[in-house]
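Chains as they are written, first to last, in the numbering used here: chain A, 270 to 595; chain U, 8 to 456.
No wet-lab data here; the hints were simulated from the structure.
Take these hints with a grain of salt, some might be off.
[Claimed, not checked] Some chain A residues flagged as far from chain U (calculated, every beta-carbon gap over 10 Å):
#1 I315
#2 F350
#3 I395
#4 T411
#5 Y416
#6 L467
#7 I506
#8 Q556
#9 Y585
#10 R591
[What the hints assert, rightly or not] Cβ-to-Cβ under 10 Å is the rule here; a few derived chain A residues that face chain U:
#11 I285
#12 I419
#13 M425
#14 S540
#15 F541
#16 P545
#17 Q558
#18 F560
#19 R564
#20 G570
#21 Y574
[Unchecked claim] Chain U regions said to be covered by chain A (calculated; three or more residues, Cβ under 8 Å):
#22 121 to 135
#23 259 to 268
Glycine included, C-beta positions come from ideal geometry on N, C-alpha and C.
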Amino acid sequence: MTVYIIRRCLYAIPIIAGVNLIIFFLFFYVNSPDDMARKILGEKNITQEAIEHWKNEHNYHLPLFINRQVQGLSQFSQTIFFQKSIGLLWFDFGKSDRNNIDIGYQIRRRMKPSLLIALPTFILGILVEITLAMILAYFRRTYIDYYGVILCVIMMSISALFYIIGGQYLFGIVLKLFPISGYVTGVHALKFTALPVLIGIVAAIGGYVRFDRTIFLEEITKDYIRTARSKGLPEEIVLFKHCLKNALIPILTTAVMTIPFLFMGSLLMESFFAIPGLGSFTIDAIQAQDFAIVRSMVYLGSILYIAGLILTDISYTLVDPRIRFD
Amino acid sequence: MFRILPTDIFVFILVASSFIFIVSARRREYWRAAWRQVRSNPVAMVSLVVLSLYVSIALLDTVHFVDRKTGATLSLLDWIAAPLREQVERTYSAPFATHQYTKESVETSDGKPTRSYPPLKYGGAHLKNTDSIIEDISKRIVQGTIQGIILAIVLSGLIVGAYHFFSKIFMRDIHSAQKNMISKRAVLTMVKITFAITIPLILLIHLSPYYHILGTDKVGNDVFYRSIKSIRTGLVIGSVTTLIVIPFAIFFGVLAGYFGGIADDIIQYIYSTLASIPSVLLIVSFMLLIELGESLGDIAWRADRRLLSLCIIMGITSWTGLCRLIRGETLKLRELEYVQAALSFGVNRLRILFKHIVPNLMHIVLISFILRFSGLVLAEAVLAYIGIGVDPTMESWGNMINTARLELAREPVVWWNLLAAFFFMFGLVLPANLFGDALRDALDPRLKT
Chain A
270 MTVYIIRRCL YAIPIIAGVN LIIFFLFFYV NSPDDMARKI LGEKNITQEA
320 IEHWKNEHNY HLPLFINRQV QGLSQFSQTI FFQKSIGLLW FDFGKSDRNN
370 IDIGYQIRRR MKPSLLIALP TFILGILVEI TLAMILAYFR RTYIDYYGVI
420 LCVIMMSISA LFYIIGGQYL FGIVLKLFPI SGYVTGVHAL KFTALPVLIG
470 IVAAIGGYVR FDRTIFLEEI TKDYIRTARS KGLPEEIVLF KHCLKNALIP
520 ILTTAVMTIP FLFMGSLLME SFFAIPGLGS FTIDAIQAQD FAIVRSMVYL
570 GSILYIAGLI LTDISYTLVD PRIRFD
Chain U
8 MFRILPTDIF VFILVASSFI FIVSARRREY WRAAWRQVRS NPVAMVSLVV
58 LSLYVSIALL DTVHFVDRKT GATLSLLDWI AAPLREQVER TYSAPFATHQ
108 YTKESVETSD GKPTRSYPPL KYGGAHLKNT DSIIEDISKR IVQGTIQGII
158 LAIVLSGLIV GAYHFFSKIF MRDIHSAQKN MISKRAVLTM VKITFAITIP
208 LILLIHLSPY YHILGTDKVG NDVFYRSIKS IRTGLVIGSV TTLIVIPFAI
258 FFGVLAGYFG GIADDIIQYI YSTLASIPSV LLIVSFMLLI ELGESLGDIA
308 WRADRRLLSL CIIMGITSWT GLCRLIRGET LKLRELEYVQ AALSFGVNRL
358 RILFKHIVPN LMHIVLISFI LRFSGLVLAE AVLAYIGIGV DPTMESWGNM
408 INTARLELAR EPVVWWNLLA AFFFMFGLVL PANLFGDALR DALDPRLKT
């Protein structure tokens, strides 16, 4: 088991290196730091001197891969690649382009509000989806199932933006059950995160309930279910015990596949509800065109996704003892 | 003088390739059986009709020409909907309103300025007395419905006639008893569809030149016209994105699945690396970089080029899923008896690929094309909200929702922009989902995309 986990983590190394390279290629090769300087300084006819000055300030004046002006190892360390990209590997994000904010500090500070939204949305979401899917599967070939599936398709055809705008309008402005937006630290944070979590869960229900339902229905036709029924077990036990356990494997896989979408969800949710998390940090950076922050967030998002994948692979082995470790 | 914008080329390629696909699929029993199953599903057929309505509007909007008088680039749709396009008010007005939604200083007849709701320049301008608006609207609705019914009867007569004429050619291979049954049902469906399309269309022709049936937006543009124009943007994003991806996904997927070895390792490495970067963030970084480049050409050209780059970028981030599916299916097909048989007969490996493997992957391509479509249309709105979507000057549902956010916060609330975007988007995505489901059930019910 330990060997398996270690090997699984080792597999992630080339992927992380690849992600790092892609990000470097995108942000420094496709367009040069000169372009970025022009964008940040924002003036049409800007002097080359001002560009050089800005580049010097932010360490963008170094060559990309090899610095021939210095000797020894610093030939490699005095380069953009080493200073801007290698540092990401040990989460050294550096300073932002616009106001010289310490990105690492911001990320640490904003992690908690983000997690307070993303984790409940993810976990409660899975619970709600599985429950609803099992109800539909229990009532299969009845009108409940038929209309339930139709409702699911309708719900998945509505843009997430409408759930957010509609939910905010209904619960925040009309019913006044929750504050419209904002955030405080401490226990009262719950008041502010409840509505985003609720909307996040509702917005995702349609697609996943429908998917989980097909998995349950597929599992129900298998032989061991027939055996369980024929030995006289009530349908509830068959469905909620035998079938659920086996259906969990594919359901967990797809749940993890949603982790990157979770990130996208929090992008929208945090910016709509003015929650000072990573998502709103990213959106603000995109709108201000702060490349250093966007670059860091792309890298962080990828790392979270890769970590999520490893976690699922490990959770497989806990759910399903048949999965081999080699 | 006709003008071809960058995305137009891709739309034409799409139309041509779907035509080729339909012609060649008609000859294969596998596709014909699937089509029979889809055809017998009423929900799927209704969805197909709605989808084809959207597609025909988008195609009208794809044929561009340069207007002689103004020099602006217009499409056939702009030309048809000229009254909608040209009747621009000053600012917000509610659906079917005769007066502006916001107060303005107006001079009364005796020269004193007062604050009141000024009448609209075009909306309801033909009315002598604004109190008779309900009477006028209902008169137009009744007139339109009657004309619509008459036109629908005439049209369905023509269509049924044409159908009977051509069915002799098309249904040679079907039994006559069966033929009768099929043709009765088919005729009934066609008549229903003709009615369902013609009557609303005539109603629109009767109402939309005289009223802003969905109101106007902040700068006074007709919201209905903007929603209609957004159709092309949505469809292009939903379809061109996948169209660009398909050749690459097939090439790499087949390469990895069929030849295996190092090629498989490399391709798997590339797509798992790309898939590790959350797609929104990857799209964001690409789009930010593209914005940096100098842009040439006039407004229409720039907006269209941005739409195309958005499609390409969304394609780059989304090809991995399709590639993975194709690789898996190729691995499965490679071991099947008929491929093994071909191999032992000494058939060239490339010939096996093109003759026995690629044609049998097409159902996956088609299913994921349609199921991906709705996701992409929805993603466009999100990207517009983040600020990296299509050009702000280009009509799109995403841009409409984006501006509607601020309008919800103002008092009194401007709701029609948001609602129009909602219904037009929903009207496209829901049929696409339903039709995609039906198609998947017919082609490969076990495929999970």
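**Asked** Is it correct that the beta-carbon of A:F350 has no partner in chain U closer than or equal to 10 Å?
**Response** holds (17 Å)
**Message:** Min Cβ distance, A:P545 to chain U: is it shorter than 10 Å?
**Reply:** violated (18 Å)
**Message:** Does A:Q558 hold up as a contact with chain U if the rule is Cβ-Cβ below 10 Å?
**Reply:** At about 6 Å, which falls below the 10 Å cut-off, the nearest Cβ of chain U leaves the hint on A:Q558 intact, so it holds.
**Message:** Closer than 8 Å Cβ to Cβ for three or more residues is the test here. Does the region 259 to 268 of chain U pass it with chain A?
**Reply:** violated (count 0)
**Asked** Would A:Y416 pass as off the interface with chain U, using Cβ distances and a cut of 10 Å?
**Response** holds (13 Å)
**Request:** Let me know if the C-beta of A:F560 comes in closer than 10 Å to any C-beta of chain U, holds or violated.
**Result:** holds (7 Å)
**Asked** Taking 10 Å as the cut and beta carbons as the points, is A:Y585 off the interface with chain U?
**Response** holds (17 Å)
**Asked** Is the Cβ of A:Q556 more than 10 Å away from each Cβ in chain U?
**Response** violated (5 Å)
**Prompt:** Checking the smallest CB distance to chain U, is A:I395 really beyond 10 Å?
**Reply:** Answer for A:I395: holds, closest chain U Cβ roughly 17 Å.
**Prompt:** Are A:Y574 and chain U close enough, Cβ to Cβ, to be under 10 Å, as the hint says?
**Reply:** holds (5 Å)
**Message:** Just to be careful: measuring from the Cβ of A:I285 to every Cβ in chain U, is the smallest value less than 10 Å?
**Reply:** At 8 Å from the nearest chain U Cβ, A:I285 passes the 10 Å test, so the hint holds.
**Item:** 10 Å cut-off, C-beta based - A:I315 kept clear of every residue in chain U
**Value:** A:I315 clear of chain U: closest Cβ-Cβ about 14 Å, beyond 10 Å.
When each numbered hint is compared with the structure, violations occur for hints 8, 16, 22, 23.
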